[in-house]
Structures are given as C-alpha cells and as structure tokens.
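Asker: Using the sequences plus the hints, can you model the full thing?
Number of protein chains: 2
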Amino acid sequence: MLIGAVEAGGTKFVCGVGNENGEILDRVSFPTEQPEKTLAQVVAYFKDKQIEALGIGSFGPINIDRESSEYGYVTTTPKPGWTNYPVLPELKKIFNIPLGWDTDVNAAALGEATWGAAKGSDSCLYYTIGTGVGVGVFAEGKLLHGLVHPEGGHVLTRRHPNDTYAGKCPYHGDCLEGMAAGPGIEERWGVKASELPQDHPAWEMEAFYIGQALASAILLLSPKKIILGGGVMHQLHLFPLIREQVRKNLNGYVASAAVEAGIDDYIVPPGLGDNAGLSGSIALGLKAYQEAQ
Amino acid sequence: MLIGAVEAGGTKFVCGVGNENGEILDRVSFPTEQPEKTLAQVVAYFKDKQIEALGIGSFGPINIDRESSEYGYVTTTPKPGWTNYPVLPELKKIFNIPLGWDTDVNAAALGEATWGAAKGSDSCLYYTIGTGVGVGVFAEGKLLHGLVHPEGGHVLTRRHPNDTYAGKCPYHGDCLEGMAAGPGIEERWGVKASELPQDHPAWEMEAFYIGQALASAILLLSPKKIILGGGVMHQLHLFPLIREQVRKNLNGYVASAAVEAGIDDYIVPPGLGDNAGLSGSIALGLKAYQEAQ
Numbered sequence: 027m028l029i030g031a032v033e034a035g036g037t038k039f040v041c042g043v044g045n046e047n048g049e050i051l052d053r054v055s056f057p058t059e060q061p062e063k064t065l066a067q068v069v070a071y072f073k074d075k076q077i078e079a080l081g082i083g084s085f086g087p088i089n090i091d092r093e094s095s096e097y098g099y100v101t102t103t104p105k106p107g108w109t110n111y112p113v114l115p116e117l118k119k120i121f122n123i124p125l126g127w128d129t130d131v132n133a134a135a136l137g138e139a140t141w142g143a144a145k146g147s148d149s150c151l152y153y154t155i156g157t158g159v160g161v162g163v164f165a166e167g168k169l170l171h172g173l174v175h176p177e178g179g180h181v182l183t184r185r186h187p188n189d190t191y192a193g194k195c196p197y198h199g200d201c202l203e204g205m206a207a208g209p210g211i212e213e214r215w216g217v218k219a220s221e222l223p224q225d226h227p228a229w230e231m232e233a234f235y236i237g238q239a240l241a242s243a244i245l246l247l248s249p250k251k252i253i254l255g256g257g258v259m260h261q262l263h264l265f266p267l268i269r270e271q272v273r274k275n276l277n278g279y280v281a282s283a284a285v286e287a288g289i290d291d292y293i294v295p296p297g298l299g300d301n302a303g304l305s306g307s308i309a310l311g312l313k314a315y316q317e318a319q
Numbered sequence: 027m028l029i030g031a032v033e034a035g036g037t038k039f040v041c042g043v044g045n046e047n048g049e050i051l052d053r054v055s056f057p058t059e060q061p062e063k064t065l066a067q068v069v070a071y072f073k074d075k076q077i078e079a080l081g082i083g084s085f086g087p088i089n090i091d092r093e094s095s096e097y098g099y100v101t102t103t104p105k106p107g108w109t110n111y112p113v114l115p116e117l118k119k120i121f122n123i124p125l126g127w128d129t130d131v132n133a134a135a136l137g138e139a140t141w142g143a144a145k146g147s148d149s150c151l152y153y154t155i156g157t158g159v160g161v162g163v164f165a166e167g168k169l170l171h172g173l174v175h176p177e178g179g180h181v182l183t184r185r186h187p188n189d190t191y192a193g194k195c196p197y198h199g200d201c202l203e204g205m206a207a208g209p210g211i212e213e214r215w216g217v218k219a220s221e222l223p224q225d226h227p228a229w230e231m232e233a234f235y236i237g238q239a240l241a242s243a244i245l246l247l248s249p250k251k252i253i254l255g256g257g258v259m260h261q262l263h264l265f266p267l268i269r270e271q272v273r274k275n276l277n278g279y280v281a282s283a284a285v286e287a288g289i290d291d292y293i294v295p296p297g298l299g300d301n302a303g304l305s306g307s308i309a310l311g312l313k314a315y316q317e318a319q
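Taken in order, these protein sequences are the chains called A and B.
The numbering of the first sequence is my numbering, which starts it at 27 and goes up by one.
The numbering of the second sequence is my numbering, which starts it at 27 and goes up by one.
A hint or two may mislead.
[Said to hold, decoys possible] If you anchor each label on the Cβ, the simulated ranges turn out as follows:
#	chain 1	residue 1	chain 2	residue 2	range
1	A	P196	B	G167	28 to 36 Å
2	A	N110	B	D148	20 to 28 Å
3	B	Q224	A	T157	40 to 48 Å
4	A	T157	B	M27	52 to 60 Å
5	B	Y97	A	Q60	52 to 60 Å
What the hints contain is simulated information worked out from the structure, not anything from laboratory work.
Yeah, the Cβ is synthetic: ideal placement off N, Cα and C, and Gly gets one too.
Answerer: As structure tokens, then:
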C-alpha cells in the first residue's frame with residue numbers, strides 16, 4: 027500500500043511516498059512559495075503515484091478542529107500569502123482519498139511512536155529545536171489538540187545567571203524559543219550554532235534552557251519518552267548536558283527509574299533521524315486510512 | 027444506580043454515595059490515620075450502601091499503570107504507614123464491583139468535565155491550590171497518566187522581582203508549589219492566606235506565579251478550560267489577577283478568543299465547588315462501571 031506524505035514547512039515542502047511500514051520509497055522537496063504555486067507542485071508530484079492515503083504535517087499555527095468551518099487552514103502565520111489559507115480543503119478538491127492533517131511536530135511524534143524511538147508506546151513528546159522550537163504531544167495513544175494545538179516552544183523559562191541576551195521571540199522575548207532556538211544562539215554569540223565549538227559556554231546555557239523546559243513538561247505531562255530533533259539537536263553532545271539539567275531540576279521528585287538511571291534512554295534523538303517529519307506524515311496518512319475503514 | 031466515592035486525602039478521607047447524574051446523596055469524613063484503620067472505616071461505611079461501583083481519587087504519588095504489579099498502590103509518599111501501601115488491592119478484596127482509581131486531581135478534572143465547569147468538553151485542566159498544588163489533566167477525552175501521572179504543581183516559575191522568599195518545597199524550593207501553596211504564603215507573610223486582606227501585595231504575587239504556570243500549561247497542553255480549586259482559590263478576587271497575568275504572559279500568541287475576550291469563561295472556579303473531588307470520584311466509579319459493561 028502506498029501512502030503519500032507532505033512535510034509542509036515554512037521554508038520548504040518535502041513530499042514523499044511511503045508504505046504502511048513507514049518506509050520512504052521516494053521523495054522530493056521544493057521551496058515554499060505562494061500557496062497556489064506550492065500546492066500545485068504537491069498535486070503534480072502525487073498525481074501518478076497511486077497513493078491510497080495522504081498525510082500532511084504542517085507548519086502553523088493551523089486549525090485542527092474537525093468541527094470547525096476552517097478545519098485544515100493555516101491560520102495566523104505571518105508568512106505572506108499563507109494567512110488563513112485553506113491548505114487541506116484545497117487538497118481535498120483534488121485527492122479523493124483519506125487525508126490526515128496535523129502539525130508538523132504532532133506528525134513527528136506520531137511517526138516516532140509508530141516506527142521510531144517511542145515505537146509501540148502510547149506516549150511521547152517530540153521537540154524540534156531549530157529555527158524555532160515546536161512540540162508535538164502524543165498522550166494516551168492520541169495526538170493532543172485541545173483548544174488550538176500545543177505551542178510548547180514558547181513556555182517561559184528562568185534566565186541563566188550569566189545570560190544577558192534579551193531573547194529573540196517577537197511575542198515573549200526570552201521564552202524557550204527566544205533563548206534556545208538557532209536564531210537566538212546566533213544573535214547571542216555572533217556565529218551560527220553549528221560553528222560553536224563543543225567546549226563553548228553556549229552549550230551549557232542551551233542545555234540550561236532546554237533542560238528546564240523538559241523538567242516542567244515531565245511534571246505536567248508525564249511523557250513516557252522525550253525525543254529531541256531539529257537542527258540544533260544535531261549537536262549530539264547536548265544530550266548529556268540536557269539530561270543532567272533535567273535531573274537537577276526534578277531533583278528526585280518524579281519516582282520513576284526512567285528519569286533517573288534510565289534517562290539516557292528517556293531523552294533521545296529521533297529514531298527516524300531527519301526523516302521523523304516525513305515518516306510522521308506517512309503515519310498521519312496511515313491513520314486517516316485506518317479511520318476511514 | 028448508586029455509586030460509591032472516596033476522596034482519599036493525606037489529611038482526611040471523604041466517603042460518599044452518589045448516582046449516575048453526579049448527585050451526592052450521602053457523605054461522611056474522617057481523619058486519615060494508619061491505612062488499615064482508615065480503610066476499615068471506608069469498608070464499614072460502604073458495607074450496606076448497595077453501591078454498584080466505587081471510585082477512588084487518591085492523594086499521591088500513586089501507581090495508576092494497569093499493567094504494573096503495583097497498580098493501585100500509594101507509592102513514595104512520606105506519610106507514615108502509607109508508603110507503598112496497596113490501597114486498591116485491599117479494597118478489591120472486599121468489593122466485588124467495578125473500581126475506579128486515579129489521582130484526586132484527575133478525578134476532579136473528570137468530575138468537572140462530566141458535570142461541572144467543563145461539562146461535555148473533552149479537555150480541561152484541574153488545579154488544586156491549597157496545602158500543595160496538584161494538577162489533573164483531561165485531554166482528548168481521556169485522563170492523562172503517562173509515565174507516572176502529572177505532577178504539574180512542581181513546575182518551575184520565574185521569581186517575582188519583589189519576592190525574597192526562598193520557597194517551601196522540600197524538593198525544589200521555589201517551584202510553583204513552593205511559592206504559591208498555602209504554607210509558602212503563610213511562611214512568607216507571617217499570617218495564614220485566609221487572613222491577608224484583599225489589597226495585600228501577597229495576592230498580586232500569588233497571581234504572578236499561578237498566571238505564569240497557567241500560561242506555560244496553555245502553551246504546552248492547549249486545554250479547553252482551566253479550573254482552579256483548593257483552599258487558596260476560595261479567594262475569588264484572585265481570578266481576575268490570574269487571568270491578567272495569563273494574558274500578559276501569552277501576549278497574544280495563542281490565536282483563540284478563549285484566552286482573550288473569553289478568558290473570564292476560560293479560567294474559572296470549579297463548577298462543582300468544593301464537591302469537585304468527591305463528585306470526581308463518583309465519575310471515576312461511573313467510568314469503571316461503564317468500562318466493565
């Protein structure tokens with residue numbers, strides 16, 4: 027069975043074809059331009075692919091409330107042309123197959139829970155830490171939506187005592203995204219994160235913010251696994267620093283070996299690597315197919 | 027149909043009998059002593075009540091993992107006699123009816139979603155702010171458990187700039203519970219919270235901490251309603267102060283009228299008042315009964 031997948035990002039779209047085992051058989055990517063042009067490219071790519079379902083994991087914020095008249099829209103994004111654009115309704119006009127729709131990070135969380143680092147689990151958090159910070163929540167076997175959808179990249183964290191940087195978030199200044207996403211790192215230190223050496227104090231500071239946010243997320247959501255993806259997390263040396271901060275912040279309060287002796291297997295990179303987003307969209311498509319049966 | 031309910035607190039146990047409409051028909055309460063003695067009182071109370079199901083909302087931490095051999099235990103509580111005590115297994119020996127078991131705050135969240143302020147909704151958070159801070163999470167129509175269960179009272183918040191108080195939490199010092207629960211208020215100001223006048227700066231400070239925690243919870247969990255109960259929240263003048271802090275912290279980022287113009291109907295007292303806990307335990311019993319059918 028062939029399943030189409032769209033990883034709809036604000037910078038680029040990745041389209042692919044996979045199967046019910048999460049294997050990616052083909053892929054293509056192109057820059058995100060005006061929605062009419064970009065969606066035409068999506069349609070052209072899938073036209074002869076004989077897919078039986080299609081999953082779309084999208085940049086946001088998006089409307090994922092199935093009861094809403096604007097279900098399937100990208101909503102308040104500042105991205106020119108995309109504000110209140112009916113992405114899913116437009117695709118529905120073309121594809122008469124089950125369509126799955128969720129945030130890019132919820133898609134990645136579902137992908138990781140289906141085929142990746144949280145395989146078989148009914149619970150995980152997926153963080154992407156790159157040009158921004160996003161969080162997908164899979165809990166009790168369901169992707170969490172609620173009022174809008176999780177936007178956990180913008181939680182408030184305490185300042186590192188040596189940090190004088192104001193923060194990059196246009197809404198909150200020094201929220202997690204403002205302090206820990208790539209643009210903030212670059213502005214604070216004057217070089218790209220990828221160019222900072224491993225012994226640079228930037229990394230201890232980065233782990234300070236991420237570890238704090240994860241500790242609070244563990245307390246509030248009690249996830250069974252936390253997966254950290256995105257460009258910044260390509261710096262694998264961050265993982266031990268983050269785990270140490272999490273343990274320090276929890277300070278033995280959460281009575282589970284997972285966050286103590288087992289923490290190396292609790293806070294982990296994506297099992298699907300950089301395919302987490304695209305594989306997650308396959309998982310969304312598969313879920314839509316199964317729900318339609 | 028009669029449903030038994032136990033609100034198992036660390037200080038007192040409340041037992042009651044209700045029906046499938048959430049009406050409380052009878053109740054009794056007694057101090058929490060050694061578990062054998064207290065559970066004997068529970069058994070004696072229900073013995074002739076002809077209940078068809080029993081729900082127990084318990085102080086914690088507790089084991090709510092149905093796959094665990096210690097399912098139904100109170101676990102790492104420091105309360106003498108109760109550490110690793112098999113509350114639910116002991117009750118199962120006596121009551122051959124469906125038994126519901128969850129945290130006191132998850133019970134209250136379910137009660138509020140069934141008959142209270144979030145009636146009919148598939149999503150709410152229930153905070154109790156009293157001698158401690160606890161959080162129950164009802165999301166996508168399910169009570170959230172995960173690795174252990176939510177312990178969102180211990181999230182880390184930023185310090186109020188005028189606050190020099192160290193914090194009361196034995197694990198984290200100045201976490202939310204350490205700063206905003208009753209004992210912290212009393213130690214900081216030298217009088218009980220209930221004796222502080224409405225124009226005392228304590229309340230602005232209290233709202234600062236609670237509002238910050240709620241803003242981060244909204245970002246991470248996107249609940250459809252937030253219900254604030256517990257002794258401290260009897261100070262109803264706190265509600266507008268907290269709502270103002272939430273709006274200030276979110277700063278327009280969450281695109282929903284619920285957290286803007288509609289915030290007075292979004293962050294609210296329990297619809298079930300001080301019965302939220304006991305009614306929630308009725309709801310747990312009802313759910314166990316329905317699952318057993």
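Asker: Now tell me if each hint is right for this structure.
Answerer: Comparing the hints with the structure gives:
| no. | hint | result |
| --- | --- | --- |
| 1 | A:P196 - B:G167: 28 to 36 Å | 35 Å, holds |
| 2 | A:N110 - B:D148: 20 to 28 Å | 25 Å, holds |
| 3 | B:Q224 - A:T157: 40 to 48 Å | 46 Å, holds |
| 4 | A:T157 - B:M27: 52 to 60 Å | 56 Å, holds |
| 5 | B:Y97 - A:Q60: 52 to 60 Å | 55 Å, holds |
Hint check: no violations occur; every hint is consistent with the structure.
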